[in-house]
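**Q** Please build the complete structure, drawing on both the sequences and the hints.
For the record, the sequence lines run as chains F and S. Residue numbers for the first sequence follow my numbering, beginning at 171 and rising by one. Residue numbers for the second sequence follow my numbering, beginning at 170 and rising by one.
There's no promise every hint is true.
Coverage of chain F stretches by chain S, computed from C-beta distances (three or more under 8 Å per stretch; other residues unrestricted) [said to hold, decoys possible]:
# : stretch
1 : 183-191
2 : 216-228
3 : 261-268
4 : 274-287
5 : 305-316
Honestly, the hints are just simulated from the structure, not real lab data. Glycine included, each C-beta is placed from N, C-alpha and C at the ideal position.
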Amino acid sequence: MARITMREAISQAMWEEMERDPNIFILGEEVGVWGGSYAVTKGFYDHFGAERVRDTPISEAAIIGAAIGSALTGLRPIAELMTINFAFSAMEHIVNEAAKLHYMFGGQFVLPLVIRAVGGGGRQLGATHSQTPDAVFAHFPGLKVVSPGTPADAKGLLKAAIRSNDPVLFIENATLYQLRGEVPEGDYVIPLGQSTVQRTGKDVTIVTYSKGLEISMKAAEELAKDGIEAEIVDLRSLRPLDIGPVIESFKKTNRAVIVEEGWKSYGIGAEVASRIYEQAFDYVDAPVVRVAQKEVPLPYNRALEQSALPQPADVVAAVREVL
Amino acid sequence: MDKQKYLELYSQMVLIRRLEERGAELYQAGKIGGFMHLYIGQEAVSTGLIAARQPQDRVITAYRDHGVAISCGIPANQVMAELMGKTTGISKGRGGSMHMADVSRNFWGGHAIVGAQLPVAAGLALGDKYASRDGVTICMFGEGATNIGYFHEALNLSKVWTLPVLWVCENNIYGMGTAVGRASAVSEIQQKAEGYGMEHERVDGMDVIAVYEAAQKAIAKVRAGSGPRMLEILTYRFRGHSMGDPERYRKQEEVKKWEEHDPISVFHAYLVENKKATIKELEDIEARAMDEVQKAVEFAEASPEPSLDTLFDNVYVEEV
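**A** Quick look at the structure:
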């Protein structure tokens, strides 16, 4: 197993899949000649050519709409949105088209479509370029929403997304691109819709995903110094949501903290907490606590921005609150 | 065009008209729900346009789609059953009036958000180009859709990528109740194609032969690889925008004036005057259309409602 970055793992997954299946192609802003604005598709254009690595105009609705149309003809597009903040310009095609066409036409339309979008704050990009609106997209039946927290998961989940015959929104977090981890070489596929335990522990369950995993891991190390062993369940897929491992862990620890980078109101944590109360009420020893972004548009100033984003210290404090 | 083809076009226009009239009655009777947008007055557009396509050519349109569905070859039975929300409907009762499609007949819907189908059409055309197939995507939309961003993004992309799309604007003068001159910077929609370096033509949409001939030429040019182009087809809807339209925005005299150019009457006169058909032949066609619609209603009424335990069918392709 090689130790590579999240960026390399994502790139590797697409490269291997494109070598395997000529119907897979990439489209998006600056994915070709530029090599991807986050360099994820660096080298693809030279290797796969302009037909399969298609630079688009700055037209998000056209990017997603064209990806949908081409998927309907049997191609397997990977549409890259330069950032998830630009997905709002393509909302119609993500929500009213991609998520609904299979159902609405009685199963006739099949859309093997992947939309890759990078999100997250912490890079002083200001309010418009720093959002984590994952919950918004996870709201819609018909769409699958995936967001990995480790390089290995990124590779395995992206391969599964590319092979899926359903539309999948694959959300990356920009501050994780340099995160390194062991990644199996070759054909490594993780089924969509499976949560996993990333760290075992007996005292408290931390439920998280994506950037929240890194934050929670740091918090768990801190807590371990005091002899508190946190179990970390990584959701990996937000829709379909595999709540089983969360409930199983909670029944063991009876206490939970949910960590997400997005805003708390109407968020992933709200959903997970509800499911815990619905499915494991008799096991609750303390109210579930949510750690999330403060309810402001993210500011530019570094200190202000960091104060609004969830930090390992917030998770540590939340765990102490539920113990 | 041979005699048979003329009769087919007439037959299709009459079938659409009778189906729509019957649909309106059934809607009033509460047997059809939701929103319903009738094609009455515009029959020559889908009929002439789609008659000019080859089987490999894709058709995609907006929510005023019953006529287009018939022109693409969907049997009246399945259209009527969809209107009534039955399992035998073309979309299994999940789509309704605005969401009909038939992949086997290369009809890609039935898209109910104004302009949303245009970027999708670009993608359909991209699929054919990518696979080196010679299909042309025929994308229909109203003049109201030319004011939304999707139109501009899609036209631009289609030109930049030289996609095999024929953009077909059905200009029926009103986007709901707002006349084109009140909503669009230019009332002559074909001018918008200029901004994207596209060839374009304006066609009389009350004349099915004119539509057919213009479409045939345009489709051939797109198929030859010359890139996308636009037809603006001037037409008029005789009924309201949808079933609940008080029509305060136009005078009945205006409607009456257009009704003098009823595409079915115009074509009827043409066929008789030019001895392409006898009055008797056309009467027979009209009787058959009445009969077909009656049978479609009976078929739809006799068809089963979807079972409630199929509610979750087809949310995803794969089990979740």
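**Q** It remains to establish, for every hint, whether it holds in the given structure.
**A** These are the hints, each one checked on the structure:
1. For the stretch 183-191 of chain F, the stated coverage by chain S is violated: 0 residues have a C-beta nearer than 8 Å to a C-beta of that chain, whereas at least 3 were required.
2. Counting residues of the stretch 216-228 of chain F whose beta carbon lies closer than 8 Å to any beta carbon of chain S gives 4, which meets the minimum of three for the stated coverage.
3. With 4 residues carrying a beta carbon less than 8 Å from a beta carbon of chain S, the stretch 261-268 of chain F meets the three-residue requirement, and the given coverage holds.
4. Against chain S, the stretch 274-287 of chain F contributes 7 residues with a C-beta closer than 8 Å to a partner C-beta. That satisfies the three-residue criterion, and the hint holds.
5. Coverage of the stretch 305-316 of chain F by chain S holds [criterion: at least 3 residues with CB-CB distance below 8 Å; count 3].
This entry does not satisfy hint 1, going by the numbered hints stated previously; all others are met.
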